[in-house]
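**Student:** Protein chains in written order, with the working numbering: chain A, 7 to 115; chain B, 2 to 117.
Which stretches of chain A does chain B cover? Using the computed rule of at least three CB atoms under 8 Å from a CB of chain B, they are:
| no. | stretch |
| --- | --- |
| 1 | 34-40 |
| 2 | 51-57 |
| 3 | 100-112 |
With the C-beta cut set under 10 Å, the calculated list includes, among others, these residues of chain B facing chain A:
| no. | residue |
| --- | --- |
| 4 | Q7 |
| 5 | Y34 |
| 6 | F92 |
Keep in mind that the hints were calculated from the coordinates and are not lab data.
Cβ coordinates follow ideal geometry from the N, Cα and C atoms, glycine included.
Spelled out from the first residue to the last, the chains are:
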Amino acid sequence: GENVEQHPSTLSVQEGDSAVIKCTYSDSASNYFPWYKQELGKGPQLIIDIRSNVGEKKDQRIAVTLNKTAKHFSLHITETQPEDSAVYFCAASGDDMRFGAGTRLTVKP
Amino acid sequence: EPEVTQTPSHQVTQMGQEVILRCVPISNHLYFYWYRQILGQKVEFLVSFYNNEISEKSEIFDDQFSVERPDGSNFTLKIRSTKLEDSAMYFCASSAFGPKPAYEQYFGPGTRLTVT
Chain A
7 GENVEQHPST LSVQEGDSAV IKCTYSDSAS NYFPWYKQEL GKGPQLIIDI RSNVGEKKDQ
67 RIAVTLNKTA KHFSLHITET QPEDSAVYFC AASGDDMRFG AGTRLTVKP
Chain B
2 EPEVTQTPSH QVTQMGQEVI LRCVPISNHL YFYWYRQILG QKVEFLVSFY NNEISEKSEI
62 FDDQFSVERP DGSNFTLKIR STKLEDSAMY FCASSAFGPK PAYEQYFGPG TRLTVT
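Model the full assembly from the supplied sequences, consistent with the hints where possible.
**Tutor:** If you want it as structure tokens, here you go:
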């Protein structure tokens, strides 16, 4: 089955800096790659996603890139703000959705 | 904005007891999912459900688990005889399309299950 690896497990940045979270997946049949933000005590919230026929997608301060050949995808957050602090999960989906272990992002004011 | 709702928010049960976790998916969605998250760990897929049938299930979803859509709005997860290791957050999700290829899934706030 699919195996998703996510790095780093924790990331601390200064407000205004950029943050990058990277994931790799194992199943070449996976074709949908969402990113979720999870705040304390809440469910995962979809923030951006990308499909296998697209290499990059951007939504305001958030962008995701996908390299299908290398089987890796990344989340980029620019101009980080304290409210971006949360746990971020990547996921890869084919027959079912498998999540990475999560990255705890802390944005220091 | 439509959202997935789950009840109860917290359920405490004794080992060996049956529990039913309830979810109301977004009203025009057709695909439903259960996930669990053990404290501090990754979100794990349990099962997907469409047209009153299980579409996919993971190795975690053994005979102790069952899902049902008892009416037009609710989607339930039943654990027949709870074990200590079933303690986790259980998330319901729904999507308008899918599950192959996968589409956007929207998650509920979760039910925290504590087995004592």
